[in-house]
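Below are the chains, spelled out letter by letter.
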Amino acid sequence: MKTLVLGASGQIGAYTVQDLVEFYKAEVIATSRKLTNVRKAMADLKLVDRVKIMELDASNTADVAKLAKAERVDTVVNCAWYQTNLSAMDACVQAGAHYTDLGGFFDTTLKQLQFDQKWKEAGINATIGLGSTPGLTNVAGAAGAAKLERVDTINIYCTWGNTLPAKEPGWPGYSIRTVMDEFTQEPVMWLDGKHVKQPVLSGETTVTMQDPIGKITTYYVKHSEPATMGRYIGKGCRNVTFRIGFPSTDLATFKTLKSLGFADSTEIPVGDARVSPIDYLTTMYQRAISKSRGEAPPREEYEYDAFRIDIFGQLRESPAMVTYHIITWNDPERGISSARDTAVPPSLVSQWQATRKIKNPGVFPAEATVDPIPFFMEVGKRKIRVEEHFTETRRFY
Amino acid sequence: MKLSVIGAGGVGQVIAGHLARAKEATVKVGDIDRSRLREVSEASGGRVSTVRLDARNPDQVGRLIKGSNVVINASHPRFNQLIMHQALKRKVHYIDLAGYSPTDIFAQTKQDAKWKKDGLVAILGMGEDPGLSNVMARRGVDMLDRVSEIRIRDGETSTSETFPFIALFAPDVFLEEAVSPAHYFEGGETKTSPPMSGREIYPFPQPIGDVPVYSMDHDEVHTLPLYLPKKPNYVDFKLALTDETASAIKLFHGLGLLERKPMRVGTTKVSPLSVLLSLLPPPSQIAGKIRGNAGILVEVKGELSGKRCLQRFCVTMSHDEAYSKFRTNATSYLTGTPTAVCALMLAAGRIENRGVIAPECLNAERFIDEARMFDIQVQVEKTRW
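In order, the protein sequence lines correspond to chains A and B.
So for the first sequence, the working numbering puts the first residue at 1; every next one is plus one.
So for the second sequence, the working numbering puts the first residue at 398; every next one is plus one.
Chain A extracted, bound-state conformation (with noise of 0.2 Å):
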């Protein structure tokens, strides 16, 4: 398979290049922006021989088809910023290339849907949303949703951390345009059938996660399964949740940027510059991202990314509930971090849809073509951990 990845030098990117030519030896076209930074991030894994590299900007559809085209891609998996998706899916109907992301922020996904028709007539699939949240969790609602006659509400809890005796405040392990956008946007829910708004950081709840974890405190957070998992689940799901588990020292550190106007795009006098503070914050963070993944890796299992998914429903006359744990470390053998639990799912969806294993033409989000078992036990050959429990209410009235 021949596979164009966009925005390879970022978090998540090279990580995918990497599975993708480790676990199905796929021929890669690795590209980003600017060529020395996806050149560092595939010398920093070891990858320069084994996929081309090139320079390529995702929100630029003319160059993104005409690259595809050249190259006879077989899939694009875009890795670059959501903003970009509308585009480079732009670029995938004119290529004839399948098509997955890491996700569409909410407003982007509902848009990305609007193109169903457009890709059912152009015959390629795009299966949009693949990362671990949205991703993961939208596979383990559908199945969840697959072992009950009836689905009611589905809850989704996110939470990171580490086991370190000190808790230094860092860059998150996903984009801080990203987290910025989280506490500044307000989430949307789907409740009672209908998308409906909610105040920043609302909808604080507590959960138990698995241990090491525990109790975690969690909050609102606008993301990409609501927007979907209501009408794709179907089965009368009314009730599609997700929030968010900040550690401590995060919600402080992201908090205090926030307060600090990081946030803001607005541009502000610096001296005699004018500088867009959430661009400059964007910036150091693609520095420190860069600069850290060529650094030695860990020798034991130390951090973590965890969810929780809880389908509530029916099933022969009685109240069910499906719960998935999904718990991935950093792999110390391998030397990765747990951020391949979004890394890994667009490559394996990228694999089915060349393999035509995924093959119904259209615009999807991940609980509408995704297989879930054998989803899951792909992912866990890579230490993402699924673990599925199942209560059954029997009544004796």
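Simulated from the structure, these hints should not be mistaken for laboratory data.
Each residue gets a CB set at the ideal place from its N, CA and C atoms; glycine is no exception.
Taking beta-carbon pairs under 10 Å as the criterion, some of the chain B residues facing chain A (in silico):
#1 G651
#2 R661
#3 G663
#4 K666
#5 S671
#6 S675
#7 L677
Given the coordinates of chain A, work out where chain B should sit on it, guided by the hints.
Just chain B now, with coordinates in the frame of chain A:
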């Protein structure tokens, strides 16, 4: 009396205000920012004259201070040497609020002979701390036969709903101090400890109470062992930081936001620190929007008549009081007022010292008495055992 003030920020405005109210004082204020000059002129009821001035320009500085008795650098410590040089040239007494670095302070002190020869005095670090803290330390030392330890604790604690991070004096100086190694004096030598180390919960008198404090590098640690007539065995300085502020500082440091090296973003090239500073509110704009108190505590331990003796000197002021009485915050008030007191005493001939000195060289009892007339009440607590 002719007095010049360079710098019309939060502290400069307090200084200018006091000087303007003094009888027979003619006050000139220079600043690079016209809006700050307008503010200081309005606040003084037009009693100060203002000049737009770039403190980096020696000729402009020289022209401002020509004919003055005293010049005060209330702008930034990096201009100390330039302004001091002009003051010596123009035969003007000099006062600043803090040293730029220990090396810079020593370069200033090395000019002692020149200043003595011309009958002039340069008083280094005459604010709240350094400044009033040094004076209180000297008062304590004067009342003992022998000194063993001096501990200086700055207990300023402020909270605000509007601002997530507050710096009530030059933010860049504050941040730099917080992440630089701390110095303390022990057994005859200056020693180093890591940045943000030495955390302890320190008991300040009410209304401050128990607050977390951290070791910081501060001028007092460098000058007190040199200038005090009775040498202490130990001198240290710690600054109160709320846990939120300490976390914010660690955050800025961890993310590289305190770097001074310019970074290219798009078509501009600016340092992370300058972006951070542009987002922090300047101290002059915070007054009235914060809660809490400013205060310093100086503990002097030693021997008196064969008995062990501990003296605790303390000055506090709430931000509410500073705002309702003086339309400023308590830190700016407690920093600028000792400077103004010193400048007025100097211009009126009530300071005899000559050469380059630190505040601990002044007549401490006299200074504390004069400061009382400006709402600075030094409380003393003595224990003997």
